[in-house]
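Protein sequence lines, in the order shown, are assigned to chains A and V.
Note that the first sequence covers residues 1 to 187 in this note's numbering.
Note that the second sequence covers residues 1001 to 1150 in this note's numbering.
It should be emphasised that the hints constitute simulated quantities derived from the structure, not laboratory data.
Mixed in with the good hints, there may be bad ones.
[What the hints assert, rightly or not] To spell it out: a stretch of chain V is covered by chain A in this simulated footprint if at least three of its residues, at any positions, have a beta carbon under 8 Å from a beta carbon of chain A; those stretches are:
no.: 1; stretch: 1041 to 1050
no.: 2; stretch: 1083 to 1091
no.: 3; stretch: 1099 to 1109
[Said to hold, decoys possible] Dumping the calculated DMTMM-like pairs for lysine to aspartate or glutamate here, alpha-carbon to alpha-carbon at most 20 Å:
no.: 4; chain 1: A; residue 1: Lys75; chain 2: A; residue 2: Glu114
no.: 5; chain 1: A; residue 1: Lys101; chain 2: A; residue 2: Asp89
no.: 6; chain 1: A; residue 1: Lys149; chain 2: V; residue 2: Glu1132
no.: 7; chain 1: A; residue 1: Lys106; chain 2: V; residue 2: Asp1100
no.: 8; chain 1: A; residue 1: Lys101; chain 2: A; residue 2: Glu114
no.: 9; chain 1: A; residue 1: Lys149; chain 2: V; residue 2: Asp1077
no.: 10; chain 1: A; residue 1: Lys149; chain 2: V; residue 2: Asp1056
no.: 11; chain 1: A; residue 1: Lys65; chain 2: A; residue 2: Asp150
no.: 12; chain 1: A; residue 1: Lys106; chain 2: V; residue 2: Asp1056
no.: 13; chain 1: V; residue 1: Lys1103; chain 2: A; residue 2: Asp150
no.: 14; chain 1: A; residue 1: Lys106; chain 2: A; residue 2: Asp89
no.: 15; chain 1: A; residue 1: Lys101; chain 2: V; residue 2: Glu1113
[Claimed, not checked] Anything over 10 Å on all C-beta distances counts as not near chain A; from chain V, calculated:
no.: 16; residue: Ser1033
no.: 17; residue: Leu1112
no.: 18; residue: Glu1113
For clarity, every value in this text was computed on a predicted model and none was experimentally measured.
Glycine is no exception: its CB is placed at the ideal position from the N, C-alpha and C atoms.
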Amino acid sequence: MKILIDDRRKFLAQAGIASLGLGAASLLGVSATAAAMVPSSDVGVIQTALALEHEGIAAYRIAGKSGLLSPGTLKIARIFMGHHQAHRDSLAKLVTAAGGKPVEPKTDAQYVSELGLGSLKSEGDVVALATSLEHGAASAYIGQIVALKDHKLARLFASISADEALHWTTLNNAAGKPIPVPAYVFA
Amino acid sequence: MAPRTLFTLLSYGGVMLSALLVAGVAPRSRAASDDVAAGRMLYQNKCGGCHSVDADRIGPRHRNVVGRAVASVPGYDYSPALKKLGGVWTPARLNQWLSDTQKMAPGSKMYLELDDPTQRRLIIAYLQSVSEPAANQDSHSQSRSRRKQQ
Chain A
1 MKILIDDRRK FLAQAGIASL GLGAASLLGV SATAAAMVPS SDVGVIQTAL ALEHEGIAAY
61 RIAGKSGLLS PGTLKIARIF MGHHQAHRDS LAKLVTAAGG KPVEPKTDAQ YVSELGLGSL
121 KSEGDVVALA TSLEHGAASA YIGQIVALKD HKLARLFASI SADEALHWTT LNNAAGKPIP
181 VPAYVFA
Chain V
1001 MAPRTLFTLL SYGGVMLSAL LVAGVAPRSR AASDDVAAGR MLYQNKCGGC HSVDADRIGP
1061 RHRNVVGRAV ASVPGYDYSP ALKKLGGVWT PARLNQWLSD TQKMAPGSKM YLELDDPTQR
1121 RLIIAYLQSV SEPAANQDSH SQSRSRRKQQ
């Protein structure tokens, strides 16, 4: 297990070196014009996605403060949290521009309880939970795309799903788990 | 009948019963168990982004969902659409729900169209496995009586 954790740390540290210019995410940033054109039926879909992002941010933030993560893993967790914050901002902006009120995050106590964060005892536990949440999030975005009326929103959701898939892949490899053999991993 | 003959018959019957169990019930039970295991994986992948078995998250908890009244988990903030839906979650209704949530309850918070009937069946098998047996029996009875009414 120690070897696995050491490997995980090395893997995550190496992954950290390749930090991308995430400012480029503004490529998919949401313009006011696009936001103003959000069909009202799509707002509900965005709100569900926003709740998902709030949960992801809380999971990384709370786990980051737990003292369970090694510096390399913590660095990656912060990058992933940053991605989720960028997703949150894009989605909240769309809801606001469409005249809605973006769904608010729950309290930390609620997230700790709902995600069982209090029972995490090791870095491996944190990585396992994050892997599971990221897989669920990637799949959830794909599942929601079909409900969207606006094609530009569908592109945004696909892009966010790809981010979640990147997170999952990184964490899954760090945990030493094999890449799934069947295709359509998130379908 | 001589006791020995009776004993032989009973023994033979026991062997036959065992054989029947092995040939019929055991594989069925194994198949059901395989379904639950496959359904659990699908549940984690397709539902786990928003749902957990024992905690309300983006969506409500799923423990005992089969046989539970719709929109009835205490403390969970359901959409008006789901509150209006009413009734009980039976396997048949869950199948309809997973096919297209917005078709069944337009305006609900869940957006999912699971086209593959096998995937729906496996997920429902898993949801049944985390529900009380009594609730499952009740819901099966309700499904049967509903089918008869139709």
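Checked hints:
1. 1041 to 1050: holds (count 7)
2. 1083 to 1091: violated (count 0)
3. 1099 to 1109: As far as the stretch 1099 to 1109 of chain V goes, the hint holds, because 3 residues have Cβ atoms under 8 Å from chain A.
4. Lys75/A with Glu114/A: violated (25 Å)
5. Lys101/A with Asp89/A: Holds, at roughly 13 Å.
6. Lys149/A with Glu1132/V: violated (39 Å)
7. Lys106/A with Asp1100/V: Since the Cα atoms of Lys106/A and Asp1100/V sit roughly 28 Å apart, the hinted pair is violated (cutoff 20 Å).
8. Lys101/A with Glu114/A: Roughly 24 Å between the alpha carbons, so the hint for Lys101/A and Glu114/A is violated.
9. Lys149/A with Asp1077/V: With a Cα-Cα distance of about 25 Å, the restraint between Lys149/A and Asp1077/V is violated, given a limit of 20 Å.
10. Lys149/A with Asp1056/V: violated (28 Å)
11. Lys65/A with Asp150/A: Violated, at roughly 38 Å.
12. Lys106/A with Asp1056/V: holds (12 Å)
13. Lys1103/V with Asp150/A: holds (18 Å)
14. Lys106/A with Asp89/A: At roughly 16 Å apart (the allowed maximum being 20 Å), Asp89/A and Lys106/A satisfy the hint.
15. Lys101/A with Glu1113/V: Not OK: Lys101/A and Glu1113/V at ~26 Å, beyond 20 Å, violated.
16. Ser1033: holds (21 Å)
17. Leu1112: violated (5 Å)
18. Glu1113: violated (5 Å)
This entry does not satisfy hints 2, 4, 6, 7, 8, 9, 10, 11, 15, 17, 18, going by the numbered hints stated previously.
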